[in-house]
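Protein chains: 6
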Amino acid sequence: MVSSPVAARRIAVINPNTTAAMTARMVDCARSAADPATEIVPVTNASGPASIESHYDEALAVPGLLAEVVRGESAGIDGFVIACFGDPGLDAAREVASGPVVGIAEAGFHVASMLGRSFSVVTTLARTIGQAEHLVRRYGFADQCRSIYACEVPVLELDEPGTDARKLVIDYCRRAVEYDEADSVVLGCAGMADFCHDVSEQVGVPIIDGVTAGVVLVESMIKLGLQTSTRSEYAKPLPKTYI
Amino acid sequence: MVSSPVAARRIAVINPNTTAAMTARMVDCARSAADPATEIVPVTNASGPASIESHYDEALAVPGLLAEVVRGESAGIDGFVIACFGDPGLDAAREVASGPVVGIAEAGFHVASMLGRSFSVVTTLARTIGQAEHLVRRYGFADQCRSIYACEVPVLELDEPGTDARKLVIDYCRRAVEYDEADSVVLGCAGMADFCHDVSEQVGVPIIDGVTAGVVLVESMIKLGLQTSTRSEYAKPLPKTYI
Amino acid sequence: MVSSPVAARRIAVINPNTTAAMTARMVDCARSAADPATEIVPVTNASGPASIESHYDEALAVPGLLAEVVRGESAGIDGFVIACFGDPGLDAAREVASGPVVGIAEAGFHVASMLGRSFSVVTTLARTIGQAEHLVRRYGFADQCRSIYACEVPVLELDEPGTDARKLVIDYCRRAVEYDEADSVVLGCAGMADFCHDVSEQVGVPIIDGVTAGVVLVESMIKLGLQTSTRSEYAKPLPKTYI
Amino acid sequence: MVSSPVAARRIAVINPNTTAAMTARMVDCARSAADPATEIVPVTNASGPASIESHYDEALAVPGLLAEVVRGESAGIDGFVIACFGDPGLDAAREVASGPVVGIAEAGFHVASMLGRSFSVVTTLARTIGQAEHLVRRYGFADQCRSIYACEVPVLELDEPGTDARKLVIDYCRRAVEYDEADSVVLGCAGMADFCHDVSEQVGVPIIDGVTAGVVLVESMIKLGLQTSTRSEYAKPLPKTYI
Amino acid sequence: MVSSPVAARRIAVINPNTTAAMTARMVDCARSAADPATEIVPVTNASGPASIESHYDEALAVPGLLAEVVRGESAGIDGFVIACFGDPGLDAAREVASGPVVGIAEAGFHVASMLGRSFSVVTTLARTIGQAEHLVRRYGFADQCRSIYACEVPVLELDEPGTDARKLVIDYCRRAVEYDEADSVVLGCAGMADFCHDVSEQVGVPIIDGVTAGVVLVESMIKLGLQTSTRSEYAKPLPKTYI
Amino acid sequence: MVSSPVAARRIAVINPNTTAAMTARMVDCARSAADPATEIVPVTNASGPASIESHYDEALAVPGLLAEVVRGESAGIDGFVIACFGDPGLDAAREVASGPVVGIAEAGFHVASMLGRSFSVVTTLARTIGQAEHLVRRYGFADQCRSIYACEVPVLELDEPGTDARKLVIDYCRRAVEYDEADSVVLGCAGMADFCHDVSEQVGVPIIDGVTAGVVLVESMIKLGLQTSTRSEYAKPLPKTYI
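Chains as they are written, first to last, in this note's numbering: chain A, 37 to 279; chain B, 37 to 279; chain C, 37 to 279; chain D, 37 to 279; chain E, 37 to 279; chain F, 37 to 279.
Keep in mind that a hint or two might mislead.
Okay, derived cross-link-like pairs now, BS3-like style, lysine-lysine, Cα gap no bigger than 27 angstroms in a straight line [what the hints assert, rightly or not]:
{"hint": "1", "chain 1": "E", "residue 1": "Lys203", "chain 2": "D", "residue 2": "Lys276"}
{"hint": "2", "chain 1": "E", "residue 1": "Lys276", "chain 2": "D", "residue 2": "Lys203"}
{"hint": "3", "chain 1": "C", "residue 1": "Lys203", "chain 2": "B", "residue 2": "Lys276"}
{"hint": "4", "chain 1": "B", "residue 1": "Lys203", "chain 2": "C", "residue 2": "Lys276"}
{"hint": "5", "chain 1": "A", "residue 1": "Lys276", "chain 2": "F", "residue 2": "Lys203"}
{"hint": "6", "chain 1": "F", "residue 1": "Lys276", "chain 2": "A", "residue 2": "Lys203"}
Here are a few chain E residues that face chain D, going by a calculated C-beta distance under 8 angstroms [as the list claims (entries may be wrong)]:
{"hint": "7", "residue": "Thr54"}
{"hint": "8", "residue": "Gly84"}
{"hint": "9", "residue": "Glu89"}
{"hint": "10", "residue": "Leu96"}
{"hint": "11", "residue": "Leu102"}
{"hint": "12", "residue": "Ala128"}
{"hint": "13", "residue": "Arg202"}
{"hint": "14", "residue": "Leu204"}
{"hint": "15", "residue": "Asp216"}
{"hint": "16", "residue": "Glu269"}
{"hint": "17", "residue": "Ala271"}
{"hint": "18", "residue": "Leu274"}
{"hint": "19", "residue": "Lys276"}
{"hint": "20", "residue": "Thr277"}
If you are wondering where the hints come from, they were derived from the structure by calculation, not from laboratory data.
Quick reminder that beta carbons are idealized off the backbone N, C-alpha and C, glycines included.
Using the sequences provided together with the hints, build the complete structure.
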C-alpha cells in the first residue's frame, strides 16, 4: 500500500478473494474511471477463498477483508471499495474505516437507478442469485430491479480465453432488456468489470460495472467531505477480548 | 452558457426558480465540490415563480426548466443537476438530455444511504413535506428515512441576515438525530446548500446538501461514460404539434 | 364554460391535450355515466401538445391544464376530472381547486380494486408504461396490479377507422386475464373511453374506463360534501412573483 | 325488502349486527347522500351479536349477513354496502351477489385517499384497531394511513345521550391532524355516521363516514354498469352439501 | 374429545369442513409428526360445508369451527390447529382459546421460510389462489413466495383412487422449482397431508404439509409455555346479546 | 460433542461468542424447553470475540462458528441453533449443515408472530438496533414489529449481580406494550434467555426468548423430516482453494 505522495486522495479497491490476477484486471478498470488526482490502491485479500461463490466463501473472506481495511485505515486511505458483488463485510468495514466504504452491488444499483426506471442484474453462478436479490431489497431497489440472471460461468473462468462468458453475458443482458423491459443492466461480478464497454456496445442500453461505479461514488463522498456516520451503529467497534 | 474550452466536462446546475441570487449561492457550493476539470454552468430559470413551495409552483417552473435543458443539450452540456428539492421535471429532462440528469433530492438520498442505515430530511415549509415523502418512497428509500421536518422558513428568506433559519435547521437536525435515530440528515432545499458545513459541525453527523451531491453524482456518471437509457420510456419525445 | 342554471352540480372533464375531437368523444362517455343532475363541462387544454405520450409532453401540458382549473374555479365548477392516464398536474390542481379533483388513472384503479382482487392495465405506447407503473405504486395498488400492456397504437390513432386499435386492446385484455389472472382491466388512455363496452363484451371481465370512473367518483365526493383537504400541502398556493 | 317500483336502482345497506336502531341511524345518513333515484333498502342482520367488537363477534355475524345478501340478490337488489368497519364477509358477499359490494372501511379509505396525501382513523374500542390496521394494509393504503385511534366508547353507547362520544371523536381527530399530520379522518364505525358533519365543522379537515361513502361508491359502480368480476375467485360458490 | 389422562399435552386438530374421512387422514399424519407425549385430538366441524373452496364456504364453516374451539377450551385442550389452508377463523379462535392456535397456511409458510430463501404453494382449485396470496402477504411472506399453482382437483377428490391428483401436485411442484426457482413447496390443502412424503421424494426439495407443521408449531409454543397475547385485540370477546 | 447414545435427536446450541459461562446459562434454558428425547449439545465458539456487539464482532465470530457447524455435521448433529441475536453466519451455516439451522432472532420473530398481531424487541446496546431492524425486515416481519429498544447493558454484564439489567428489560418491555401497543416482546440477546420467565410475570404479555424458541423450532423441523433445501443457493459450497 505504498502510494504517491502527490495524489489528492487514495482509494483502496479491495478484492475480497485471494486471486491477484482478478484484482489486477479490476484495478485497470478502476483507474480508467477515477480522477487523475485519485490514486487507486489495489488490495488482494491475504486470506480466504480463491473466489466467492457461496455464503460460506463470503463468510471466510470477511476477516481478511476487514484486516485490509484496518491496515488501509492506518495507512491513511481515504475511502474503500469492496469489490465483490455480495458486498461482503460492508457494515463491519464501515465501523472500522473513517472514510466512506462502498460495495460494488450497492454502487451498481445506485448508478443504475439514476439512468432509467429499471435495471436487471447478470451474475455468475445461479447459487449467488439469492444474495443479489437480498441486496436489491436491503438497499431499497426492489421496485427497480426487473430480473436477475446467472450465466453459470464460475468467477475464475470469466476471463479464460476458451469460455464464452462474454457472449453469455451479452445474451442475458439482451434477454433482460427484451423480455423484462430493463432500462439498464448491472454486471453482477467484479470479474466482469472489463466486459462493460463491449457488452454495452452490443446490447444498446447502459451497462453498469460496480467496481468503477464504486470508485466514482467513493470519490464523490470524499469530495463532499462526507464520512460514514459515527452516531451509534457505525461507531468504532468496542475493544474486545479475542481468542 | 459560455464556457471554458479547456474543461473536461460541463455540468449545468439549473435553478428551477427565477431568483438569480439563489443560483449564485448554490453554484458557489457546487464549484467547491466539483473536480477542477469540471466546469459548472449556472442556469437560472427564465420563466416561472420566484421560489417553489407548492405543487403549483413546481408545475409552472417545469416548462422553463425544460427549455434550459434543451438549450444546454444544444450547447453540448454533458450533464444536468436540477437544483430544487422536489426534483421537478426530472423524468422529462431525462427524455430530452443526452447526458445524465440528477435531482437534488434523489442525490441527497443516494449519498445519505451510503453513510449509515438511516437519514432524516430538514426542509423549508411544512407544505412541502408531502412531496419529500413522495420522493423518498418513489426512489426506494422509505426504510431508510426516519423523519422529515420543516423549519417553516420560506425559501427566499433562508439567507436573510435577520432570520434564524440556520439555527432552526440545526435544531431540527439535532431532533432527527436524538429522537428519530437518524445517522445523517439531508438538507431539503437548494437554498440551504451553504449551511451544510456549519450544520454538520454543530450536529456531529453527516449533513448532505443535494446540490453538491448532485454535481458529484453527475460527474460520476460522466466519468463512467453512462447516459440515461434511451430504450423506451426515456427515448427522445416524439415530435408533436404544440399550441 | 357556460352551463345550465338548473344542474345540481357541474363537473369539468379536462382533456389535458389540445385535440378537441378527443375531448368530444370522452365527454360523450362521461355524460352517459353521470347523473342526470350533473352537468358535464367539456374542456380542451388551450395550450400544449396535441397528445401526451411522454413525460415531456405531460410537463408542457400541465400549465395550460392548471389555467383551465383556475378558470373553472372562478366559474364555480364543483369538481374536476383530469382526463389523461398519467394524471398530469393532479397535486397542483388539488391546490388550486376548491372541489374534488380526480385523475383517470387513479379513478380506474380505485374502481377496479373494488371489483376483484386484481387488475391489469392496457395502454397506448410502451414508453408510457413506466408512468402507469409509477402511479400504480404511488396510489397503493402495486399488489393488485398484475400487468401493464401497451398496444403500441398512438393516442391520436385510436379512433382512426383503419386501425386495429380496438382489436389489439381486446387481445391484450385477454392476455391479462388468461396469463396474468387479472380479474378486470383498466383502459390506459382517455382515448379508449368509448371502447369500454365492446371490450367488456368480448373479454368477459369488467373493463374500466377512467374517464367515466373519474366522473362518478367526483360526483360521489360532491354528494358527500367533501373537498380536498386544505390543511397544509393542498392549501391554496402562496402568492408568488412570476416571470 | 319491499321497495319502490320507480327507483332507478336499489342499494341494500346491511347492518351486520342485530341492533335495528343503529340501522335506522345509518340509513338516514345513507339517504341524505344517495341520488334521488336510488332507493336505500335498510337491512338489519337477523342473527348474530348485537354489536361487533371482536373477531369472534364478526365471525358469528357473517352467516346472517350472507343470508341477507342472498335474499337481496333474489329480490334484485343492485348493490350492497356492508356497514361495519371490519368489512365482515366482504369477499364472500362478492361471490354471492351479482352487483357490486363495498365495505365501509374500504369505502372510507378510497375516498380519503382522493382528498389529500394522508388520513387517520378514529374508531371505537382499542381492541378493534388491529382489524382496521389489517384492512388498511390489505387494501393498499398503508402509506397513506397516519394513525388509528380508539375513543374507547362501545359501539352501542355511541349515541347514548349521556356519553361524551362525539367530543372524544373530535379530540382524537384533532390529535390525528395536529400530531400525525393527517389530511383527513375516516370514522371507524357505522355508528358514527351521524357525527360526520359536526366533527368536520369542529376539526376543519374532511371527515369521511364509510356508510355514506359506501353508498355513493356502489352507486358509482352501478352507473358505470360494473359488477364484481366472476372470472375465478369471485365466481358463484360451488354447490355444496351443508350440515 | 375424550383423551388419555397420561398425555403431557393435548392438541386439537380441527378440520373446518364436515367430512370426517378427511379428518381421519390428516390426523394420521399429525400423529406421525407429534411427540409421543402429545395427544392429537381429532375434531370434525359439526356444521358447515363438506369442503371449503370459496370465501362463502369458509364463512359458513367458521361458526361451527369456533364452537369446537370453545368446546376444546372447556375440555382443557392445550392448543389448536385449524386444518384448512385458508386459515379460517384464526383471529377469532385466538380470542376464545387460551392456548396457542395455528393455521396450516401460516404454519407451512413459517417452516418453509426457515428451509431456504423461497417457496411456492400448490393448492387445489384456482379460485382459492386469491386467499393463499392474501395470507402470504398478511403474514409477511410476500418476498419469499415465488408462485402459487392450482392443480384444479377439488378437495374431496384428492384421495379418490381414480384421480391423478398426486401426479398433478408433483408436476406443479416441479414447475415451481424449475421455472420459479422455489427452494421448497408448501402443499395448499389439508387433504394433501399424506402426499407429502411421496411428493418430496419425486421433486427433490422440501415439501411442507401445513397440518403436521401446525402440530409441531403448536407443540413448540406449549413447550415454551407461551399463549396468545391477551393484551387487547386477542383478549376474550366481550359478552354480547346474540340472536 | 460427546452425546448420549439414546437421544432421539441431537441439537447443537452454538454460542457464537467465546464466553463459556454464557453458553452454560443459555443451554440450561434450552434444556428446559426441549423434548426429553432431544439432547442439547452446548457449543462455545473456539475463536472470535468474547461478546458480539457490532458488525465487526459478528464478522470475526463467523468463521469459528462455521467451523463448529462443520464439526457438528461430521458428528451427526441433527440440527443447529445459532444463539446470537444478529443471526450471524446463518446463510453460510445452512450451506454446510445437512439438518435445519435456525437463528435466534428469526426464531423469536416467528414465534411472536403466532401469538398476536405485533411484537417489539428489547436488546442490549443501542448500536445493535440497526441489525435487529435489518433482520426484522429481511425475514418479513416489518409490519408486525412495533419498536426496538436497547437497555444499554453490555452483553457480558447482563448477568452480573450488581446490574439492574433485568429491571431495565422489564421497563422497556412495559414501554413497548403501553406506548407501542406490542402484543408480545422478543428478548434481543441470548444472554437474556434466563430473564424470560421473570419478565413475562412482571409485564403480563408473552415474552419470547430466541434460544428456547430456536430449539423447539429446530426440533419441529427434525420431527417433520425437513432439511434445508439443497436446490441451488443452499447447496454445499463448492470446493475452493483457501489461503
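Hints versus structure:
no.: 1; hint: E:Lys203 with D:Lys276; verdict: holds (26 angstroms)
no.: 2; hint: E:Lys276 with D:Lys203; verdict: holds (26 angstroms)
no.: 3; hint: C:Lys203 with B:Lys276; verdict: holds (26 angstroms)
no.: 4; hint: B:Lys203 with C:Lys276; verdict: holds (26 angstroms)
no.: 5; hint: A:Lys276 with F:Lys203; verdict: holds (26 angstroms)
no.: 6; hint: F:Lys276 with A:Lys203; verdict: holds (26 angstroms)
no.: 7; hint: Thr54; verdict: holds (5 angstroms)
no.: 8; hint: Gly84; verdict: holds (7 angstroms)
no.: 9; hint: Glu89; verdict: holds (6 angstroms)
no.: 10; hint: Leu96; verdict: holds (6 angstroms)
no.: 11; hint: Leu102; verdict: holds (6 angstroms)
no.: 12; hint: Ala128; verdict: holds (4 angstroms)
no.: 13; hint: Arg202; verdict: violated (22 angstroms)
no.: 14; hint: Leu204; verdict: violated (18 angstroms)
no.: 15; hint: Asp216; verdict: violated (20 angstroms)
no.: 16; hint: Glu269; verdict: holds (4 angstroms)
no.: 17; hint: Ala271; verdict: holds (6 angstroms)
no.: 18; hint: Leu274; verdict: holds (6 angstroms)
no.: 19; hint: Lys276; verdict: holds (4 angstroms)
no.: 20; hint: Thr277; verdict: holds (4 angstroms)
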